[in-house]
Every structure is written in C-alpha cells, then in structure tokens.
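First to last, the protein sequences are chains E and R.
This note's numbering applies: residue 215 is where the first sequence begins, and numbers increase by one.
This note's numbering applies: residue 2 is where the second sequence begins, and numbers increase by one.
Rather than coming from a laboratory, the hints here were simulated on the basis of the structure.
Where hints are given, some of them may not hold.
Below are the BS3-like pairs computed for lysine-lysine, each with C-alpha atoms no more than 30 Å apart in a straight line [unchecked claim]: (1) E:Lys405 x R:Lys89; (2) E:Lys394 x E:Lys330; (3) R:Lys89 x E:Lys320; (4) R:Lys89 x E:Lys394; (5) R:Lys50 x E:Lys680; (6) E:Lys619 x R:Lys50; (7) R:Lys89 x E:Lys450; (8) R:Lys89 x E:Lys425; (9) R:Lys50 x E:Lys405; (10) E:Lys373 x R:Lys50; (11) E:Lys525 x E:Lys568; (12) R:Lys50 x E:Lys371.
To be clear about the criterion: a stretch of chain E counts as covered by chain R if any three or more of its residues have a C-beta under 8 Å from a C-beta of chain R, and this derived list gives those stretches [as the list claims (entries may be wrong)]: (13) 459-472; (14) 638-644; (15) 662-674.
Just so it is clear, CB atoms sit at the ideal spot from N, CA and C, and this is done for glycine as well.
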Amino acid sequence: MRKALLAACLGLTAWLLPQAAEAQTPKRGGHLTYMIAADGGPSLDGHRETTYAVLHATAPFYSVLIRVNPENPSSTTDFTCDLCTEMPKPSADELTWVFKIRQGVKFHDGEPLSAKDVLASWQKIVSPPAGVASARHASFGMVESVTSPDDETIVFKLKFKTMSFLPSLADPWNFIYSKKRLEQDMHWYEKNILGSGPFKLDTFTIGQSVKGVRNPDYYWPGQPYLDGFTAIFAPKQSVRVEAIRADRAAMEFRSMPPAAVEQLNKELGDKVVTQSSDWNCGNVLTPNHKVKPFDDVRVRKALFLAIDQWKGAQALSKIAVVKTVGSIVFPGSPLAATKEELEQLAGYWPDIEKSRAEARRLLKEAGQENLTFDLLNRNVDQPYLIVGTWILDEWSKIGVKATQKVVPTGPWLDAMRSGNFTVALEANCQNIVNPIADVNRWMPYNVNQENFAGFLDPTMIEIYSKLVPETDMTKARVLMRQLEKRINDEAHQLMVTFWYRQVPMRSYVKGWKISPSHYLNQDLANIWLDK
Amino acid sequence: MYLYIIKRVLLVIPTLIGAAALVFLLMRLIPGDVCVIRLGSSGGTFDPKAVALCHQELGMNRPIWVQFFDFMWGIVRFDFGTSMWSGKPVTTEIWARLPVSLEIALLGSVLATVIAIPLGTLSALRQNSWLDVFVRVFAIGGIATPSFWLGIISLLIVLDLTSFFLGAAWMPPIDYVPFFEDPIRNLSMVLLPAITIGYRYSAITMRMTRSTMLEVMREDYIRTARAKGLIHKLIINRHALKNAMLPVVTLIGIEFAFLIGGLVVTEQVFNLNGVGRLFVQAVQNQDYTLTQALVMMTVVVFVFCNLVVDLLYAWLDPRIRYS
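Can you make the complete structure from the sequences, with help from the hints?
Written out as structure tokens, the structure is:
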C-alpha cells in the first residue's frame, strides 16, 4: 500500500514538474497594453527629462551601456551589460574603465551601432555642448573624459575613484543615441525616437499613447517576447483601476495605493497579482534654517523627536504608499543604517514617550512652547497630503500647532526655492539606488543649491569629501553613519518614511520583476504574456 | 444685415486683445515656472544650471514687456509659438485634441437638443400633466447632478452590470480612435461621455424651452392665431415654437462653446485626450504659451458661437433684421 502511494506521489511529481517548467517558459507573441500615470511628458529626450512619463513611454526603444540586472532588479549592486560585452574590472588605480561594445547591433533605421554612437551619447550626457540640456550631467562629476579608441571600445577616465560611478552609469535614462542624428541636430531626440532597443516605434499619439512593435534585430537572443505594446497615458487613478478591472490594460508600472490594490484583488481574485518593493523615494521634512525659530537646532530637533516613525509608518501603510522607516540611504542598500543604528537618532527613538518628553523640554528651553507655523505641502494626495496630515497630528502631541499650506507643484517648488516657507514636506526620489550620489541632496546649499533648508555645515562637507572617493564598503559605511549622525544631530532635515511600491497587474503578465525604482527595468524585453 | 455682421466681427478685436493681456498677466502671477516643474517635480536632485538653461531656451529671462510684445505679435500673425512643456507647436498640441472635444461636444449637443426641445415643448403644452411632472423631475435631476459624478457612476454601473451578466467587466476603450478609422470603437468610447454631458445640457435646455413656451403660449398673437381658426399644429410650429426658441438658441450656443475646452473632469473620468484635459495640464505645468493659446481659442469659440447665435436671432426674429 505504502509502495503504491509512493509510486503515485512520484508519478504525480513527474507529471507536475514539466508542467511547472513549461509554465515558466516564456511564450512569444501577444500585445501588452499598460498605462502611464501621467498626462504625457515634455520632450522625448531621455537625456534631458526627469519624469517617468517620458521614461515609461520611451525606454522600450533604447539600449543602454549597462543596467541593473533585469532578472534581479531588486538588488542595489547587481549591474550587467546591455550594449557592452562583459562588465569590466577597473584599472589598478580604479580610475579607468574600459567597455567592449557588442558588434552587429543595429539602430531601428538599419544603421549599425558602434562605440562611436555610444561615445556621442555619453558625451552629450556627461559634458553637453552649450545650449544642450543634460539633466544628469552633475552626476558625472567624477568623469574626466570619455573616449573611444576604436569602434568596439569605450573608455571612461575618472578624476577620482568612487563607488557611485557604476550606479550612475546604469541610470536607466542613459539612452544610446545615433551619432549621425546628434551630429545633424543635438535636439533631434527631443522630438524623435530612434534607438536600438527591443521595440521599434510604431505610432506616437500626442498626449494619448505610444505604440511599439518587436525589433526583429534585437541583440538579446529570443527577446523581446511580445509582438508589441501600447502605453496609454491615463492620469486619473480611477481610470487606471477600472481599466485593469475591465482588461483594457494589463497594468501600470509606477505604483498604486493600498486601497486600489485591495479593490483590484477583491474584484479580480487570482486574475491579478501584485508585486511590491521598498521604493527609493520618500518624504523629507525640511525646516527653513534661515527663518526664526527654525534657526535654533533645539526647535528643529523637537519637531523630529515628536514623530513616531515606527508606529506611524505601519499605520500609514494601510492607506498610503509608504511603509519602511529609513534615513538618508535607501533601506535595501548595504550602506543603509540598521534598525539598531536608526534607533540612536532623533526622530527614530523606540520609546516615543521619552522622545516626546525630550521634544517638550527642548521647546521649553528654546522658549517655543506655543510654537505655531505653516507646513508647506504639495497638493498631491499620495502620499504628501496623507503624510503631512499625520505629521501635524504628531506635532500636536507636543503642543505644536501647525497647519498645512497646500499648493500646486509650481508654487510649492517656487516657495522652497525662494526660501518663502517655514517648514516644508519635500520629496526625495532617485532613479537608481546610488547612495553616494543620493546623499548629495542632503548637502548644505553651498554644495547643493537645491537643498532648500538653507544651512551651511563645513563638517558635513568634510565627511562627504571623504565618503565620495571611498571604495571600501566597510569604510564607506562608517563614513555614511558619520554623515547621517551629523545631519541628525544638527536636525538639518528628516527623512519621513520611505515609500512603498505596489504594482498590481493582470496575472497573465509574466517576466517583469519589480525594483526599488519605478524608473528601472522598463525596456519590456523580458515581459511575456501567458494567455 | 451685412453691417450688423461686420459690427459684430469688429467687436471681436478688443475682446481678444483684452483676453490676451489678461491671460498673459495672470499666468505670470502664479509662483513657479515650467522649467522648475519640469526638472523638480519628480523629486530627484536637479541642477540649477539646467533651470537657467531652460529659462534661456524658452526666452523666460527676457523682460516681461518683450515677452508680451512677442505674444501679441504672434497673435497678429496667427503664430502661437511652441509649447513650453513639450516643445511642439501649440497648434499641433491643440489640433491633436480638438477632434475628441469637438466630437463629444457635437454629440452631446445633438443628444441634448433632440431630447430637450420636444420634451420641453410637450411639457409646456401639457402643463401639470404626468408628462410635465416627469419632465420637470428629469430636468431638475440633470441640473443637480454634476456630469463628472454621473460619468464615474455610469462607468461603475457599466462595469458592474457587464461583470454580473457577461462574467467579465467591460468599459469603453481608453485610447481614442477617430470615427472614420473605426466607427464602432469610436462610438463605444464617446457615447457614454456624450450621454453624461448631454443629460445636464438637455436638462437646462428643457427647462428653458418649457418656460419660454409657457410664456409664448399666453401671448396675444397666439390667442389671435387661435381666434382666426389656425390649426393647433401650425400655431405651435410656426408661431409659438419659433418665438420661444430665441433664449433656447442662446443657451445652446453658450453651452456648446463651454463644451469645447470645458469638459475638464469628464475628459479625465473617461480618459479622453481632449482640449479640457490639455487645459488643465497646461495650467498645472505653467506652460504659458499653451495656456495663452487655449484661452484665446476658447475666447474665439465663445465669440464665434455668440455670433452664430446673433445671426440665428436675426433669422428667427425679423425685427432684428429690419432694425
């Protein structure tokens, strides 16, 4: 009897295993329709734009030199080649990186792609000519030169070694353009699409949709699996939820709030799956150091100490796109603080009563027991307004009376840039996890003019100047903690919960893996449909 | 009559100049600008040099009076420049959206008129009957219900009903296809929004038709027509309805003009890539050139609709023609 049972089990396993393997084998064909939660971006040039509305519409058409591994995009350190043949090792002094470029790659117009095209693209990104905008050229302060000794090689020479070089290089916006087109007109790519990526442009309807068809000459064997895709701009969340429900679209790649995910799960059951991840985005509480009483570190620190991030993040995660508590480095990075390290910092103490008692003491000492002010916030529901409302409630527990001044994006940015605010709730959202580069946003305004807190801190600059060229992870981690402690001790600014990405999609969509950034892994090459 | 038309057309010029100056100044009173939004709204770090370069590219670092002169000179030459947000010609941006808005406005207007005028007339002719009560309830419901809410609810009803009866939820397509490319897909997309806006539109028109018909039916000339033995149908069609239509035509004209560019929320609810959505987008992005052009277009549409209404007045009422 037992033998028969064992044989039956083995038989069943033998039958199921190929079935499971078959289910995971990508199928070719099909058309993916997805939505972009925006009204359409500005130009089509990835080198100059910053909004995901452009990236989600154009990334499938382009190749990049290196990228975050599309099969392991949640890793913050796993970089692989796209157009290069293998990930190089740097020279002994870590100042020279030589990349060999794939041969036989063609642009969608049939022109061959060589290292000269890669060079022209990188020169446009790193050192754009006068009158040409590059949104990320400041990220390449470490690059001394980019050269191409022959048609197969591209060489990056650095001014100093740094761990931020590879992540900057793998930034998903660094599309490779045709040298010929750039020579004709450096602004050509603002209005046109021509790459060597997995899909060729079919149609682009202004403000409505982008359609792509499979590139038969794509260099990754077997990819892309889809025959084509349609990306539809749909700024209203209710439309996006209803469209997934009615299968007018399979998904959107950015994120949906918990209520929408719950609704789709309830209505579609196993026809929808949700991938989730910590997000390399968050809100930052920025007191204006130039405005009294926020020039007083005690007042600033009291505001931070009043907030119970640990309980708050858990509660907010039920209604908003936030979840994880962290500081200046993305929690999934090896350079991020552990929970124990965080708990030593103001605003992260585990004992909130003790923390609030200290906040009240500091306010009393500073003569600000009846502090009232406006919190400048952006009129975006998820998660700005929700987080802002929660913060006001937390402050009320130490007797601080703050009101939210909610304004549209333009006036919000303008108020911060002109210093016309007391405390602001900002956003911090980066394309790729690159802790060394990412912490630049926390630097004093004589280093980062777009730090609206308006403080000077030579000690921070000193620590940062040691951190940037440090390539030893252990030492870099120590320096990062010093920097974090300094920001916190001086209560310059506070990271208030990292966002949490949830992407519900029709369960027939396979192959795509979520990453900590909604900018990553968007070329759609590895997506297939199990229909 | 020609002099009348010429006078009306000439009046358009100061209206346009006034609107142009107003929109130019008001847009610049809003703090922030398109470059800062373009580079800073995604929350990433950005370079102030990129903002300066953007200002330079868009000519925003020039004195304000130079910018105003450029704008006015552009209007004279029918050149509204390029969108500060997308870099595409403003006319391209608007032309891409106009067919959607125009189709829905036309369809909504036709639906509204076809429903409103017969029902409004019948309601007036059978005052206080069950039909009159029904029409009044229907009309008040239409006026009281915001069209965007109706849009959301009608979509949910369609989704739930199809899900219940067909086993899979259905909703109209979310990407627009022109009528001549795929009529069925086109109509399945625009019909629901047209009904949604047409309901409110018909409710207002119906009430206006009813009240003006009631008024006209009590006029002396109607009594005279009855006294001289004219048949009822002729009295209604030739004497009553034509005179009752004067305010109704005004209303239809104004409502139609509003629908071109005014369907802001309805277009968002149904994901229609129309002028209303573009308007919101332009204002949100502080895209001065595009907003200015859209305001000018709206003014022109209103002025044109008013002109058409005035001409219809002249056709409907001989006293205007002869004066």
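Outcome of the hint check:
no.: 1; hint: E:Lys405 x R:Lys89; in the structure: holds, 8 Å
no.: 2; hint: E:Lys394 x E:Lys330; in the structure: holds, 10 Å
no.: 3; hint: R:Lys89 x E:Lys320; in the structure: holds, 28 Å
no.: 4; hint: R:Lys89 x E:Lys394; in the structure: holds, 23 Å
no.: 5; hint: R:Lys50 x E:Lys680; in the structure: holds, 26 Å
no.: 6; hint: E:Lys619 x R:Lys50; in the structure: holds, 29 Å
no.: 7; hint: R:Lys89 x E:Lys450; in the structure: holds, 24 Å
no.: 8; hint: R:Lys89 x E:Lys425; in the structure: holds, 19 Å
no.: 9; hint: R:Lys50 x E:Lys405; in the structure: holds, 23 Å
no.: 10; hint: E:Lys373 x R:Lys50; in the structure: holds, 22 Å
no.: 11; hint: E:Lys525 x E:Lys568; in the structure: holds, 15 Å
no.: 12; hint: R:Lys50 x E:Lys371; in the structure: holds, 24 Å
no.: 13; hint: 459-472; in the structure: holds (count 5)
no.: 14; hint: 638-644; in the structure: holds (count 5)
no.: 15; hint: 662-674; in the structure: holds (count 3)
Checked against the numbered hints listed earlier, the structure breaks none of them; every hint is satisfied.
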